[in-house]
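Asker: Next come the chains, spelled out residue by residue.
Number of protein chains: 2
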Amino acid sequence: MPTRLHVDVPHAHARGYDVIIGSGTLEDVPARVAAAAPAAVYALITPDDVVEPWGRRLAAAMLASGLPTELITTQPGEAHKTRDEWARLTDRMLELGCGRDCCVIAVGGGVTGDLAGFVAATYMRGVSFVQVPTSLLAMVDACVGGKTGVDTAYGKNLIGAFHTPRLVVIDPHVLSTLPLRELRAGLAEAVKHGAILDEAYFDWIEAHADAILALDDAALEQLIARSVELKAGIVMDDVFEHGRRAILNFGHTVGHALELRAAYALPHGFAVAEGMIAEAALGERAGVTEAGTQARMARVLAALGLPASASADITGLLESMRLDKKSRAGRPRVVLLERVGSVARDADGAWTHELNAEAAQHAIDGA
Amino acid sequence: MPTRLHVDVPHAHARGYDVIIGSGTLEDVPARVAAAAPAAVYALITPDDVVEPWGRRLAAAMLASGLPTELITTQPGEAHKTRDEWARLTDRMLELGCGRDCCVIAVGGGVTGDLAGFVAATYMRGVSFVQVPTSLLAMVDACVGGKTGVDTAYGKNLIGAFHTPRLVVIDPHVLSTLPLRELRAGLAEAVKHGAILDEAYFDWIEAHADAILALDDAALEQLIARSVELKAGIVMDDVFEHGRRAILNFGHTVGHALELRAAYALPHGFAVAEGMIAEAALGERAGVTEAGTQARMARVLAALGLPASASADITGLLESMRLDKKSRAGRPRVVLLERVGSVARDADGAWTHELNAEAAQHAIDGA
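Which chain is which? The protein sequence lines are A and B, in order. Under our numbering, the residues of the first sequence are numbered 67 to 433, in order. Under our numbering, the residues of the second sequence are numbered 67 to 433, in order.
Do not rely on the hints blindly, as some may be mistaken.
Said to hold, decoys possible - Quick partial rundown of chain A residues pointing at chain B, CB under 7 Å, derived from the structure:
| id | residue |
| --- | --- |
| 1 | T156 |
| 2 | I225 |
| 3 | A357 |
| 4 | G358 |
| 5 | S393 |
| 6 | A395 |
What the hints assert, rightly or not - Example chain B residues on the side facing chain A (calculated, C-beta under 7 Å, incomplete):
| id | residue |
| --- | --- |
| 7 | L160 |
| 8 | G165 |
| 9 | I225 |
| 10 | A227 |
| 11 | R394 |
Hints are computed from structural coordinates only; laboratory data are not their basis. Ideal Cβ positions, reconstructed from N, Cα and C, are used throughout, including at glycine.
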C-alpha cells in the first residue's frame, strides 16, 4: 500500500491535495489524475532527459486511459529555467489550443516542477497542476509547498508564484535511472529537514546512509514520507511564507549565492550542503547555534557523499545575497539553528537573522 | 469627502482593500499608500504618455513624503502589454535591488494596471500592489478585481494571474487630460455593468451622457462609484472566476476576438461596445434575450459616441474565440442577457452559453 499524506491548504481558492508515495505508483497516475484533476486536456511537461524512459511512457498510459494528453518537452537543467523557456511553453500550449480547463502535469525534477508550475500558475490566470517528481530533490522537497518560478541573471526563483498542485505522485522506483550525484543532491534537503525540525530523523538519515544510497525501497519510502510530512507541516502553517516557512531556507542564503556564482553548474543540493555548513559555522560563531553542530552536520553530509566543508567567499557573495527573497531593505537574512532539530529565532522573534557579512566571513574562514 | 468603498476578499493570503474615489484624492496618495501598503521601496510604473503630467508628479510627492520611490516608465499601449515588457520591468526592479518588501504602484490606464499587476504578482512570488488608474476604463472596471496579465499573439490576457491590490485611489480630475475617445471607451464598461446588473444605472447613464462626456465632477464620481460598487459585488462573490464572475464578460467573447483581429488598434471599449451589440443580437435571436434589448443597447451606446452596430464576421472570429478563457473543451462560450439589468443562465445553470457560430453569424448579419 502506498503512503498517502494530505496537505491541507487553508485558503479559499486552493483545495488541499494528496501526496501519494510508493514503489509502483507510477502505474496509477492516470486513474489518480482523472479523479483529482479532471481536465479537458493534459499538458504533460517533461525535460528531454526524462522523456525517456518516464515522460513518454506516462503520456502513453494517460492516452490509453482515454485522457487527452499532449507531451511537451523542455530543455533540461537549471540553465533553461528561464522566462524564455516559460514563454515558449505557454506559446506551445496556446498553439495546441489548451483552454482554462486544461491541467499541467510536471514529470521531472525540481527544475521541471518549478517551471511547469509557473506555467500552470500563469496560463489563463491559473490552471490545475499535478506533480510527478522524478528526482529525489523534487520528491523530498520541491514537489510540496506550491512554490513555482524561474531564474534570472540576478538569481534563482526571483520571478514566480505560489500555485498549489491538485495531486503529487511519488514513485521511488523512478530513482533507478537517476545519476548518483543527483541522488546525493536530493539528500541535502532531507538532511535540512532533520536539521531544522527533527533530530531523530537527522540521526536516522546518518544511520541509513548506505541503504538510501543503495536505493533500498523501504529506506527510500521512509525517507521521502518523513521529509514530505515535515515540509507539509511547515507549509500548511504558512502557505505564503509570511513567517515560519522561512526556516526551510536554512543553508539557502549562502547556497543560492553559490549557485549563482557557479552559473548553476553546481547542483542545488551540493550548494545547500555547503550553505548549511557555512550557516552552521556562522551560527556557532555568533553564539546562537550549539557548539559542535557544524561538525555533526559535516558527518552526515560526508556519509552521503555531499560537501562537508564550506569554502565560500561570503563577502564576495554579498551582492548576490542582497536580492535573496528573505532580504529586508536590501540586507540579506539567514536561518540559524539553535541546535540539530531546532531553529533559533532572532532577538525580535523573527525566523531569520540579519547577516553580518564580516562576521560571516570570519566564521567561514575558520570552518 | 471622497467616497470609500471596501472590497472584501474572502481568502487567507489577501486582505480586503479600499477603493477611494474623489476629485483631488491624488494629493493624498502618499499618505494613503504609506498606511495601506508599507514597503521598503515603491516601484512606480507608469507609461510614457502618463509620466507627464501624472507619473512624475506622483513620484515626486512620494519622495517628498519620505517614501523611497523609483519611477519606472513603460512603452504605452496594448501592443506593449507583453511578456517581453513584463520581463524588462522585472529586470529593472531586480537591477534597482527591489526586495520582496517592495510595493508596485501602477499609475496609468488598464494596460498599465494589467502589466504592472502581473509584475507585482510574479516578482519574488508576489509583492504588494497599489492602483492609481488614470483612464476611465481602468477607473470603472480594470482597477477592481485583481485580474492581471499580458497579451500574446494568440489573444488578450491569456497569460496572467489573480493578484489583489492593497489600495486603489481614483481621482476623476485626472480625466481632464484623457483623450475623448478613451473616455468614451471607458463608458462601454459602465454600460456593461448596467446591462448585466442594474437597469436603473443603465438608464441613468443614458440620461447623464452629456454631463459625463463634459467631465462633470458629480456625474463622474457617481458613475465611477456605482460601477466600482457593482463590479466589487461580483468579484467578492467569486474572486477566481469559478462561476458568476463570468457575467462581467458580457460583450467580451466577440469583443476580444475583434481586438485580436484589429491587432489591438481598436480600443477595448469600442470592441466591447460592438461585442455587446453582437451578443445582444445573438441572445435575441436565440430567444434568450428580451426583444428590443439590442435596440436599447444601441441607443445608450450611440448617446455616448460608441459603436452602436455590429459588423462582426463571427465565423471568421471563431478561431480567435476558441482560446477565450471562457471556452470549454475548445468551444467558445458567451454571456447572454435575459433583459437589460439581468443575465440569463443556460439550461445547465451556467453563467455562459455555448456559442453556436452559425446562429451567431445569422444574428450579426441581421443586426
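Asker: Please go over all the hints and tell whether each is borne out by the structure.
Answerer: These are the hints, each one checked on the structure:
Hint status for T156(A) relative to chain B: holds, with the closest Cβ pair at about 6 Å, below 7 Å. Contact between I225(A) and chain B, as hinted, is supported at the beta carbon level, the nearest pair being about 5 Å apart and thus within 7 Å. A cut of 7 Å between beta carbons decides the hint on A357(A): the least distance to chain B is about 33 Å, and the hint is violated. At its closest, the beta carbon of G358(A) sits 34 Å from a beta carbon of chain B; the interface hint therefore is violated under the 7 Å criterion.
With a cut of 7 Å, the hint placing S393(A) at the interface with chain B holds, because the nearest CB-to-CB distance is about 5 Å. Using the Cβ-Cβ criterion of 7 Å, the hint placing A395(A) at the interface with chain B is satisfied: the shortest such distance is roughly 4 Å. Residue-level restraint check for L160(B) holds (minimum Cβ-Cβ distance to chain A is 4 Å; threshold 7 Å). For G165(B), the suggested interface contact is upheld, since its CB lies about 5 Å from the closest CB of chain A, less than 7 Å.
Because the smallest distance between the Cβ of I225(B) and any Cβ of chain A comes to about 5 Å, under 7 Å, the interface hint for this residue holds. About 6 Å separates the beta-carbon of A227(B) from the nearest beta-carbon of chain A, less than 7 Å, and the hint is met. Because the smallest distance between the Cβ of R394(B) and any Cβ of chain A comes to about 6 Å, under 7 Å, the interface hint for this residue holds.
Of the numbered hints given earlier, the model fails hints 3, 4; all others are met.
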